[in-house]
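Chain order of the listed sequences is A and B. Here the working numbering = 1-based position in the first sequence + 1. Here the working numbering = 1-based position in the second sequence + 1.
Honestly, the hints are just simulated from the structure, not real lab data. Each hint should be verified, as a subset may be incorrect.
[Claimed, not checked] In silico DMTMM-like cross-links for lysine to aspartate or glutamate, where the CA-CA straight-line distance does not exceed 20 Å:
hint: 1; chain 1: A; residue 1: K496; chain 2: A; residue 2: E481
hint: 2; chain 1: B; residue 1: K70; chain 2: A; residue 2: D436
hint: 3; chain 1: A; residue 1: K335; chain 2: B; residue 2: D69
hint: 4; chain 1: A; residue 1: K465; chain 2: A; residue 2: D436
hint: 5; chain 1: B; residue 1: K335; chain 2: A; residue 2: D69
hint: 6; chain 1: B; residue 1: K433; chain 2: B; residue 2: E396
Protein chains: 2
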Amino acid sequence: MAEEEDKPTTPGEISSAVDSEETLDPQNWNDMRALGHRMIDDAINYLQTVDERPAWQPMPKRLNQQFDKPMPEDPTPAEEVYEEFLENIFPYPTGNIHPRFWAWYMGSGTILGALADFLSGTMNSNVGAGNHVANLVEGQVINWMKELVGFPDSASGLLVGGASMANLVGLAVARNTQAGFDVRGQGLGAGQKKLLVYASTEIHSCHQKAVELLGLGTDGLRKIPVMDDYRIDMSALEKAIVEDRQAGLQPICIVATAGTVNTGAIDPLNDIADLCEKEGLLFHVDGAIGAVAMLADSLKEQLSGIDRADSIALDLHKWMHVPFEEGCALVKDKEGHRSTFAITPEYLTRKERGLAAGREWFSDYGVELSRSFRALKVWMSIKEHGAARYGRMMERNVDQANYLGSLIDSDPDLQLMAPIGLDIVCFRYQPKGLDEQALDVLNQEILLELQEQGIAVPSCTTLKGHYCLRVAIANHRSTEADFDLLVSEIGRLGKQLTA
Amino acid sequence: MAEEEDKPTTPGEISSAVDSEETLDPQNWNDMRALGHRMIDDAINYLQTVDERPAWQPMPKRLNQQFDKPMPEDPTPAEEVYEEFLENIFPYPTGNIHPRFWAWYMGSGTILGALADFLSGTMNSNVGAGNHVANLVEGQVINWMKELVGFPDSASGLLVGGASMANLVGLAVARNTQAGFDVRGQGLGAGQKKLLVYASTEIHSCHQKAVELLGLGTDGLRKIPVMDDYRIDMSALEKAIVEDRQAGLQPICIVATAGTVNTGAIDPLNDIADLCEKEGLLFHVDGAIGAVAMLADSLKEQLSGIDRADSIALDLHKWMHVPFEEGCALVKDKEGHRSTFAITPEYLTRKERGLAAGREWFSDYGVELSRSFRALKVWMSIKEHGAARYGRMMERNVDQANYLGSLIDSDPDLQLMAPIGLDIVCFRYQPKGLDEQALDVLNQEILLELQEQGIAVPSCTTLKGHYCLRVAIANHRSTEADFDLLVSEIGRLGKQLTA
Chain A
2 MAEEEDKPTT
12 PGEISSAVDS
22 EETLDPQNWN
32 DMRALGHRMI
42 DDAINYLQTV
52 DERPAWQPMP
62 KRLNQQFDKP
72 MPEDPTPAEE
82 VYEEFLENIF
92 PYPTGNIHPR
102 FWAWYMGSGT
112 ILGALADFLS
122 GTMNSNVGAG
132 NHVANLVEGQ
142 VINWMKELVG
152 FPDSASGLLV
162 GGASMANLVG
172 LAVARNTQAG
182 FDVRGQGLGA
192 GQKKLLVYAS
202 TEIHSCHQKA
212 VELLGLGTDG
222 LRKIPVMDDY
232 RIDMSALEKA
242 IVEDRQAGLQ
252 PICIVATAGT
262 VNTGAIDPLN
272 DIADLCEKEG
282 LLFHVDGAIG
292 AVAMLADSLK
302 EQLSGIDRAD
312 SIALDLHKWM
322 HVPFEEGCAL
332 VKDKEGHRST
342 FAITPEYLTR
352 KERGLAAGRE
362 WFSDYGVELS
372 RSFRALKVWM
382 SIKEHGAARY
392 GRMMERNVDQ
402 ANYLGSLIDS
412 DPDLQLMAPI
422 GLDIVCFRYQ
432 PKGLDEQALD
442 VLNQEILLEL
452 QEQGIAVPSC
462 TTLKGHYCLR
472 VAIANHRSTE
482 ADFDLLVSEI
492 GRLGKQLTA
Chain B
2 MAEEEDKPTT
12 PGEISSAVDS
22 EETLDPQNWN
32 DMRALGHRMI
42 DDAINYLQTV
52 DERPAWQPMP
62 KRLNQQFDKP
72 MPEDPTPAEE
82 VYEEFLENIF
92 PYPTGNIHPR
102 FWAWYMGSGT
112 ILGALADFLS
122 GTMNSNVGAG
132 NHVANLVEGQ
142 VINWMKELVG
152 FPDSASGLLV
162 GGASMANLVG
172 LAVARNTQAG
182 FDVRGQGLGA
192 GQKKLLVYAS
202 TEIHSCHQKA
212 VELLGLGTDG
222 LRKIPVMDDY
232 RIDMSALEKA
242 IVEDRQAGLQ
252 PICIVATAGT
262 VNTGAIDPLN
272 DIADLCEKEG
282 LLFHVDGAIG
292 AVAMLADSLK
302 EQLSGIDRAD
312 SIALDLHKWM
322 HVPFEEGCAL
332 VKDKEGHRST
342 FAITPEYLTR
352 KERGLAAGRE
362 WFSDYGVELS
372 RSFRALKVWM
382 SIKEHGAARY
392 GRMMERNVDQ
402 ANYLGSLIDS
412 DPDLQLMAPI
422 GLDIVCFRYQ
432 PKGLDEQALD
442 VLNQEILLEL
452 QEQGIAVPSC
462 TTLKGHYCLR
472 VAIANHRSTE
482 ADFDLLVSEI
492 GRLGKQLTA
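Chain A on its own, in the form it takes in the complex (with noise of 0.2 Å):
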C-alpha cells in the first residue's frame, strides 16, 4: 500500500477524508441503480448465448500479470471496475455453464439460482443464529430434504458449503457417538482403540480429508474392493470388520456411496444397512452426486435403503444445479448431532424475545458461526421448478448417457470401460494396432484437443490401468445432439492424431 502522506491530494480527497457522511454505500444511489440493470442484461445474455461460445478457452496470458497487482489504496468508479469484470473476468469460466462441459461433476446453475444470490447478499442475513426469517427458510429447505431421502421429522439438517463438509458433519458424528468414550472432551488420547470408518476404494477423497482431520488417520478409513460394477464386495468389507474387531481395533461407521465418482455406481445400500445393524455401526451414505435422484420415479429404485442410513450428505449445486455453494448434511440422531456440535457461549444466550430468540440455532449443528443464507437459493430453485422437473431433467441426463453409451458401442473405434452408473459414461477411442500406453497418449491428447478447441470438456479417470474419458452429465443444458458432436469429433480428433 502506498504511503497516504506521500502522494499529492486533491481537494476532492481531503474532503473525502473529514466527511463524516462517507460510508460504503454508493455517493450515488441511481448511477449504482443504471450499473445493476446493465449486469442484469448483461447476465442474461451471457447466460441466454452461452451455447455460442467455447465450452471452455484457456486465458489469454496477460491475465497472469492482470492479477498481480498490489491492494489498490485509492477508489475505483464501480462502472470501472464492472469494465474491468467485463474485459477480463467473465470470459473466463471454468465452463460448466455449458451445454458440452462434463467434466469431473458440477452442475449448471441457473439464472433465479444466481439472482438469489443477490437478493441474499442484499439482506445479508447471517443464519447462525438469531430470531429472523432466513433461519425458518433453511429449516424448510431442510424439511424437504429429509423429505427427499424419506427421513422422520425428527431428523437434523443443515445446509454447508458442500458433501466434503457434509460428509465431515457425519463423520465426526459418527465418531463421537460411536467410540464409546469422550471423544469431544478428551480427545483422542491414549489407551483408546483405534477407530476405523469403512468405505469402498471408490470413495471420494474427502472422506480421507475429513477422518485425517477428525485425527482418525489415513490408515482410519479402511477402503475396501470393489466387484467388476464398482460397488462394494460386501464379503471383503464383512471379512474386513470381523478381522479389524479380532485385531483389537473399534468399528465405528461404514460409508456407502450413492454414486460413485468414477463411474456413479451406487453401493448396495439394503445390504450395508443390514450390517451396520449387524454389527452396531453406524451407517452413512455420500450421496453428493446420486442422492438427489431420489426425486426421479424411475432412478429412486436404485437409491432403495438411503432412508436407512443414520447420515447423508447431499450436494444441491451438482445435480439440483444451484450455484455454488450448497451441500446438505442430513443426520437421523438429532441430540447425537447436536450434542457434537452445540456450544452456548455466553454473549449469545438464547432468549425468549428479541433478536437472540428464534429457532435451534443452525451453528450448533456444525462447524461455523456465521452462515450466509444459502437456503434462499435452494428454495426459490425449487419452488421455480417444482420436484418433477428436476425428476425429468435428472431421467434425461441418464437417458442421454445411456445414449451415448449406445452411440459409443455402435462404433469399432470407440469402447466402453465401465458400466455406466447413472450419467457417468467412461470409454476410449481405441482404434486397431495401438498398445495400451499409446492409447493412453491419445486418449490424453483427444481430451486435451476437446478442450483446447472449445468443442467439449469431459474429464478423464483411469480404470484398471486403462487411461479413460469420462463424460459425467450433470447439465440441464446438454442436447442428444450435443452428444452426436461429442462422438463426431473423438473420431476426427483420433484419426487425425493417428494419421
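Starting from the structure of chain A, add chain B where the hints point.
Okay, now just chain B, sitting in the frame of chain A:
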C-alpha cells in the same frame, strides 16, 4: 411429494413432461430479464431506505406456518416466487444492514458486494481446481490479505466461509506440523503425548469446536486467565506451559486473539510471538475482528507483531462489510499448510494443458473441494473503495465507540463495564439504589425493548459476573446521531422500567 400418476394433468404439463427442449433455463428469457430488473430496483430501494425501517422486528406468527409446507411438486412462475419473497422474507432480515445494529459482530454488507455474488453465481465457477480466471482472482485477493498483515509472498492462503473455518485450518496445520509424529497418517493414537493449544479465557468458542473436531478434546484447549484489560496474562500463560511440559504433555500452539468478541481486547502479540519462539510453539492469531484494522493508520500500532504469526484467521464479512460468507486463512509455512490438506485423487490429476492445468489448486489447502467464486465480491469491493476508505471507516467506528464512551461517562445513570477495545463498548444502565440482581434484570429488559421497539440492536454479555449491554460498531452506516439516540432511549426506557 405427491404421486405424479395420481394427479389430473393439464395439456401443458403433458407437453412439458415429454419436451426434449425443457431445461432449468427460463421458458421466456425476457420475462426473467424483467424480473431481474425489478429485483435491482427493489434491492436498491431497500438499502437506500434501510434507516427508515426498524433496526429489527419480530416476525409475525403466521410465518411459522408459511415455511412449514412440503416440497412443491409443480412449478411456480418465478414472478410468484419473488412475490412470496417480497411479502414473507425481505422484510425480516437479521438487521445488520441497519445503521443501529451493533449486536454480536457482523458487517453491514454493500450493494456491490451483493451484485458481485450475482455475477459469481451467473458464472458459477468452481474455484476448487482448474485453469480458469476465478483462481487468479482468488490468488490476487489472498496476496492482498498477505500484504495487509505483512506476510511474505511465500505464505499460502485460502478464502473460506468465515473465521471458524479459518481458525480450524490454522489449528489443523499446527496439529499436523507440531505433533512430532505422523498425525495425518496414523491419527492421534495410543502412546502419544497429549497435544495442547493455549489461549485466553476470552477466546472465541469456535476454537473449542476446532480442537474438539481435531480430536484434541475440549481439555486440549488450555484457557489462561486474562488481566483487567481482558488481555491474556502472560505470566500465567508461561507458567501453564512449563507445568504442562513437566506433566508430560505437549504444547503445540498459542492462539492470540486480535480483537476479542466480548470487549475487543487485543492480546500482546509481540510478547506471545517471543514466547512461541522461546518455547518452539506455533503462533496462531485469531484476527476475525481486528486483523483488518491493519488498514487503519491510527489502529495498526495495536496489532504490532501480527506479522510474526505462523497463521492468521481473518473475517472479511465483518469489518470489511463483504456479504456473508467471507473469511480468510493465511499460513506462513505453505508446505505445512499443503501437507495438511492436499490429496490428489486420480481423476483430478494436474495437467500442463486444458482445464485441469493452471495454478495450484485451492482445494489442496482446505476442507472443501468444490468452492464458490467468493473472491469476486472481495475483489470488486476493495477496488471500488480502495484500502484507505476501509481504514477511514474503521477509524470512524472506533471514534464512535469512544464517543459512546464519553456519553456514558457523562451520564450518571450509565456505567462503562470494560475498557473500550477497538469498536466494542460494554456498559450498563445503573441507577442508584438497585442491587446487582435487579440491575441484571433491568438491563436485560432494556435490551429487549430496544430490539423489540426497533430502536437499536445491541447485544449483551456478562463481564466479571455483571450483565452488560454490548455495542459492537462494525457498521459503515452508523452516525454519531445514532449513538445519541441510543443513549437517550436507554435513559427513557430505564426510567420507564424503574418507575
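Structure-based check of all given hints:
1. A hinted pair counts as satisfied when its Cα atoms are at most 20 Å apart, and K496 of chain A with E481 of chain A does not qualify at roughly 23 Å.
2. With a CA separation close to 59 Å, the supplied pair K70 of chain B and D436 of chain A exceeds the 20 Å bound.
3. As the CA atoms of K335 of chain A and D69 of chain B are separated by approximately 19 Å, the hinted pair is consistent with the 20 Å bound.
4. Simply put, K465 of chain A and D436 of chain A have alpha-carbon atoms about 15 Å apart, close enough for the 20 Å limit, and the pair holds.
5. With a C-alpha separation of about 19 Å, the suggested pairing of K335 of chain B with D69 of chain A holds against the 20 Å cut-off.
6. A hinted pair counts as satisfied when its Cα atoms are at most 20 Å apart, and K433 of chain B with E396 of chain B does not qualify at roughly 35 Å.
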